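S.K.: Using the hints, position chain G against chain H.
2 protein chains.
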Amino acid sequence: MAIIVQKFGGTSVGNVERIRNTVNRIVEEKEKGNQIVVVVSAMGKTTDQLVSLANELSSYPSKREMDMLLSTGEQVTISLVAMALAEKGYDAISFTGWQAGILTEDVHSNARILEIHTEKIVENLNQNKIVIVAGFQGMTENNEITTLGRGGSDTTAVALAAALHAEKCMIYTDVTGVFTSDPRYIPNARKLQAVSYDEMLELANLGAGVLHARAVEFAKNYAVPLIVCSSLEREEGTIIEEEVAVEKNLIVRGVAFEDSIARVTIFGLENGFQQLSSVFTTLANRHIDVDIIIQNLTEKGNTYLSFSIKKDDLKETIDILETNQEALGIDHFESETGLAKVSIIGSGMVSNPGVAAKMFEVLSQNEIAIKMISTSEIKVSTVVDEEQMVKAAQLLHEAFELEAVEQNI
Amino acid sequence: MAIIVQKFGGTSVGNVERIRNTVNRIVEEKEKGNQIVVVVSAMGKTTDQLVSLANELSSYPSKREMDMLLSTGEQVTISLVAMALAEKGYDAISFTGWQAGILTEDVHSNARILEIHTEKIVENLNQNKIVIVAGFQGMTENNEITTLGRGGSDTTAVALAAALHAEKCMIYTDVTGVFTSDPRYIPNARKLQAVSYDEMLELANLGAGVLHARAVEFAKNYAVPLIVCSSLEREEGTIIEEEVAVEKNLIVRGVAFEDSIARVTIFGLENGFQQLSSVFTTLANRHIDVDIIIQNLTEKGNTYLSFSIKKDDLKETIDILETNQEALGIDHFESETGLAKVSIIGSGMVSNPGVAAKMFEVLSQNEIAIKMISTSEIKVSTVVDEEQMVKAAQLLHEAFELEAVEQNI
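One line per chain: the protein sequences are H and G, in this order.
Quick note on the UniProt record's numbering: the first sequence kicks off at 1 and runs consecutively.
Quick note on the UniProt record's numbering: the second sequence kicks off at 1 and runs consecutively.
Hints are not guaranteed to be accurate.
Claimed, not checked - Anything over 10 Å on all C-beta distances counts as not near chain H; from chain G, calculated:
| hint | residue |
| --- | --- |
| 1 | 56 |
| 2 | 65 |
| 3 | 79 |
| 4 | 94 |
| 5 | 165 |
| 6 | 285 |
| 7 | 289 |
| 8 | 330 |
| 9 | 356 |
| 10 | 358 |
| 11 | 376 |
As the list claims (entries may be wrong) - Computed cross-link-like contacts, DSS-like style, restricted to lysine-lysine with a CA-CA straight-line distance of at most 27 Å:
| hint | chain 1 | residue 1 | chain 2 | residue 2 |
| --- | --- | --- | --- | --- |
| 12 | H | 63 | G | 129 |
| 13 | G | 358 | H | 315 |
| 14 | H | 88 | G | 315 |
| 15 | G | 391 | G | 358 |
| 16 | G | 88 | H | 63 |
| 17 | H | 129 | G | 63 |
| 18 | H | 32 | H | 168 |
| 19 | H | 63 | G | 358 |
| 20 | G | 45 | H | 45 |
What the hints contain is simulated information worked out from the structure, not anything from laboratory work.
No experiment lies behind these values; they were computed from the predicted model shown.
Note that beta-carbon positions come from the ideal geometry of N, C-alpha and C, so glycine has one too.
Next up, chain H with everything else stripped away, as it sits in the complex (with noise of 0.2 Å):
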C-alpha cells in the first residue's frame, strides 16, 4: 500500500466546518487504499492570538518559551481532526512532534529536522489507523519543545514523506497550485501546471508564500514529489518534481515579491574579506538570515558592506553588531525599512542572455528605483522601495508575458 501524506495549513482548518471539509479530503484519498499521515498547522489566527498574548506580558520573550507556547496551536488541531475522523466512523490517532519521533536541532524557533523515528507511526499505520501529526514542532536530544520557523508545516510533511518513503507529499492550500506571481495582487497570474524543485526553491525563498524553501529543499534532496492543491475547490493543482517540459517560450516561469525587507549597510571594514567573512558568521550563529549581499570599495579606500535581512531580525542585528562592533572593526553602520524584494524566476535564464537587462529596462522606465541586485542562474532579485513592489511585480509579469502564455498553450 503506498503511504501518501497531506499537509493541511491554518486556513484548512481555521473553524469546524473547514475541518470537516478537511476530513472529507483524508477520507477521499484513504479511501483509495492508501495508509494517510496528516500533518496540520494551529487553526487560522491561533498563532497571532498567542502571540499577543505574549507580547502583552514580556517585550522581548524568550524563544524556549514562544515555542512552548506556539507549539499547543498544532496540538489542539491534530485532536479535533483525530475526533472528525472517528465521528465519520476512521480509526485515527494524533501525534505531537515529539511523539511521531520528530528530533531536531537544539534551536528555538527556528530548529532544523535532524531525524524522525518512524517506528510509531509505521506501527499505527499498520493497524489501518490514519495518522495525524502536529506540523511545525520536533523535540531535542534534551526533551526541550522546538518549532521549526515559518512555513514549519511544510517541513514537517515532506520529512515525513521522504522518511516514511511516501508516494507523495500533497500540500493543501488556499490556491489552487503555483502560480506565475501571487493572485492577490497580479490579477493576471496564472497557474502553472508543473515546477522543478529550482524554480519552486527560488519562488519559496522570494516569498511566493506558497511553500516554504526549507521544505522545498528537502523534497528535492530526498526526490519527494510535491502537489501544491486547493483544500476548498476540485481543481488539479501543480506538481513539483525533478525534471519539468518547459513550456514554449517560457524562460522567466514567475515573479515573486516579498516586503518587510531591512537593509543594515556596514561602513569602515579595514581588512576586507577578513572580517566580512566574521560579521556574517556572527550573524549566522544567532540565527539570522541574511539575503542579498552587497559589498564595494568607496573614494577613500574603505570597504563598505550592503546586506538584507528581514525587517523582523532587525532589532536583533542591530544588537549583536553594536556588541561585537570593536571585535569585528566596524566604523559605523545604517539600516533602512520600509523595503521590498522583486524577483524573475525560471530555468530557462541561463541560456538567454539579456533578461536581467530587460528587468532592471522595465523597472527604471517606470521610475521605480533598485536599490540592491542579486542574480543566480535561475533568477534575478531587486530591491526596492516598499511602496513600489506590487507595481514593479505588476510590470513585470506583463513585460515577461507570463499571463498570455495560458492563452497560446
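M.R.: Using the frame of chain H, we list chain G on its own:
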C-alpha cells in the same frame, strides 16, 4: 533552602492582569529565599472552549484525544507565566507534565500519578530558576499524554511537593480559605483556621470545591502541609495538616453540598453479593466513581440496589449496564437525575451520638425528602432533590451553629 510549591488555578491566570498578579505572589515567596516550583492550570475558560470545539466535531470524543486537546491549556499558561517572570528579571523555565517527569498510569482523562522523576526540576531549581509546571497532566510509560481529571492541578502540586520534600504546598484560589460551607450560597459561612486531612477529604469529596479529594489524600499520605489561600486578597488562609486543635463545641465543622447527582436503581439481582460485586467491578473498570450505595431486600425476596454517581457518568453507566445486563443478572434498572448531596462533616462526630438524628430531623421538619443516606465516622451524607440543596445546606449550617462559633472565640 526550603522548596515551596505554589499552585494557581484557572481564575488566578485567567487574563494578562491576573497573570501579572500571580507573578507578584511567586516573586514574594522567591524573595523570602525559597526555591519555588509553580503549578498552574489552564487560563479561565480555555478548557470549556476546547471542550465545546470537541463537542462540535464529535458526539463522543475519545478520551485519548480529549487529553491531547485539553493538555494544551496548561501548556499555554506555563509559558506565559515563565515569560512574565522573565520580564520582571527572574530566571524561570516552564515544563509540561511529561517534561517534568510526571509518570501516570495508562488511563485517559482520569489518570493517577505513579511516580515523578524530579531530576530536571531539581537541576533547574539548583540553577536558581523558578520552575513552572503544567498541572493536570502527565505521561504514560508509552509516551501517551494523560490528564488527571477534575482538580488535577491540585494533585500535580501536592505530588510535586511530596516528591520534592517541599516545606509546604500553597493552593491559591478565588476564596480566602476553607469555609464551614460554600460562602456563595451560605452567606454566614465562616473561614476555618485549620482542618485535618480527614475532614478536608470529606469536604473535598463532598463537593466543597476548594480542593480535590485525590490531592488531599496525596497530601495526607506524604504529610505535606497544605495551605489554601486567596490569590487576590492578603488574608491568612486555612492550613490543612494531620493534627488540628478541635475548636470548642465544634462537633460539626462544615456543611458540604454538590449538585448534578444521578441515582441508578437495579432490580432483580438474584444471587446477591456475587452479582453486586460484578456490577461495581464492571463500573470501576470503566473508571466510574460510585458514591453512595444502598442495598435492600424487597418483599419478593429479590435484591434491589441503588447507587449514586455523577450525572456526567450516567450515559456511560447506562451503556455499561445495558451491555452487561445478562451477564450481571440484572432484571431491569432505572435512573433518576436532578439530585444533590448535602453532608455534614466533623472529626468530633464519632464521639457525639445524635448528630445524624438531628440532621434528619432538621431536614424532615422542613419537608426536605431524604432519598439516600450514607454515614462514616466523620460525616453524614444525604441525597435530596437538587432544588432543595441550598435550602437544606442553609438549614443545617444554622442548626449546627456554624456561623456562631466565630463570635464566641
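S.K.: It remains to establish, for every hint, whether it holds in the given structure.
M.R.: Hint by hint, here is what the structure shows:
For residue 56 of chain G, the condition that its CB be more than 10 Å from all CB atoms of chain H is violated, with the nearest at approximately 5 Å. For residue 65 of chain G, the condition that its CB be more than 10 Å from all CB atoms of chain H is violated, with the nearest at approximately 4 Å. At roughly 4 Å, the least C-beta separation between residue 79 of chain G and chain H is not larger than 10 Å, which violates its mark as non-interface. Once the 10 Å rule is applied to beta carbons, residue 94 of chain G is inconsistent with being away from chain H; the minimum gap is 5 Å.
Distance check for residue 165 of chain G against chain H: the nearest CB is about 24 Å away, which clears 10 Å, and the non-interface claim stands. No Cβ of chain H approaches the Cβ of residue 285 of chain G within 10 Å, the least distance being about 22 Å, so the stated non-interface status holds. Non-interface status of residue 289 of chain G relative to chain H is upheld: no Cβ of that chain comes within 10 Å, the nearest being about 25 Å off. Residue-level check passed: residue 330 of chain G sits 30 Å from the nearest beta carbon of chain H, beyond 10 Å.
Listed as outside the interface, residue 356 of chain G is consistent with that label: its C-beta sits roughly 47 Å from the nearest C-beta of chain H, beyond the 10 Å cut-off. Look at residue 358 of chain G: its CB is around 51 Å from the nearest CB on chain H, clear of 10 Å, so calling it non-interface holds up. A cut-off of 10 Å between C-beta atoms confirms that residue 376 of chain G is not in contact with chain H; the least separation is 40 Å. At roughly 17 Å between alpha-carbon atoms, residue 63 of chain H and residue 129 of chain G fall within 27 Å of each other, so this suggested pair holds.
The straight-line distance between the Cα atoms of residue 358 of chain G and residue 315 of chain H is roughly 73 Å, outside the 27 Å bound, and the hint therefore fails. Among the hinted pairs, residue 88 of chain H with residue 315 of chain G is consistent with the structure: their alpha-carbon atoms are about 21 Å apart, no more than 27 Å. A C-alpha spacing of about 16 Å is found between residue 391 of chain G and residue 358 of chain G, which places the hinted pair at or below 27 Å, so the restraint holds. Between residue 88 of chain G and residue 63 of chain H, the direct Cα distance comes to roughly 17 Å. Compliance with the 27 Å bound is thereby established for this hinted pair.
A hinted pair counts as satisfied when its Cα atoms are at most 27 Å apart, and residue 129 of chain H with residue 63 of chain G qualifies at roughly 17 Å. A threshold of 27 Å between alpha carbons decides the hint, and for residue 32 of chain H with residue 168 of chain H the separation of about 14 Å falls inside it, so the pair holds. Restraint check: the Cα-Cα separation between residue 63 of chain H and residue 358 of chain G comes to about 62 Å, which exceeds 27 Å; the hinted pair is violated. Straight-line distance between C-alpha atoms of residue 45 of chain G and residue 45 of chain H comes to about 18 Å, which keeps the hinted pair within the 27 Å bound.
The structure is inconsistent with the numbered hints 1, 2, 3, 4, 13, 19, although it conforms to all the rest.
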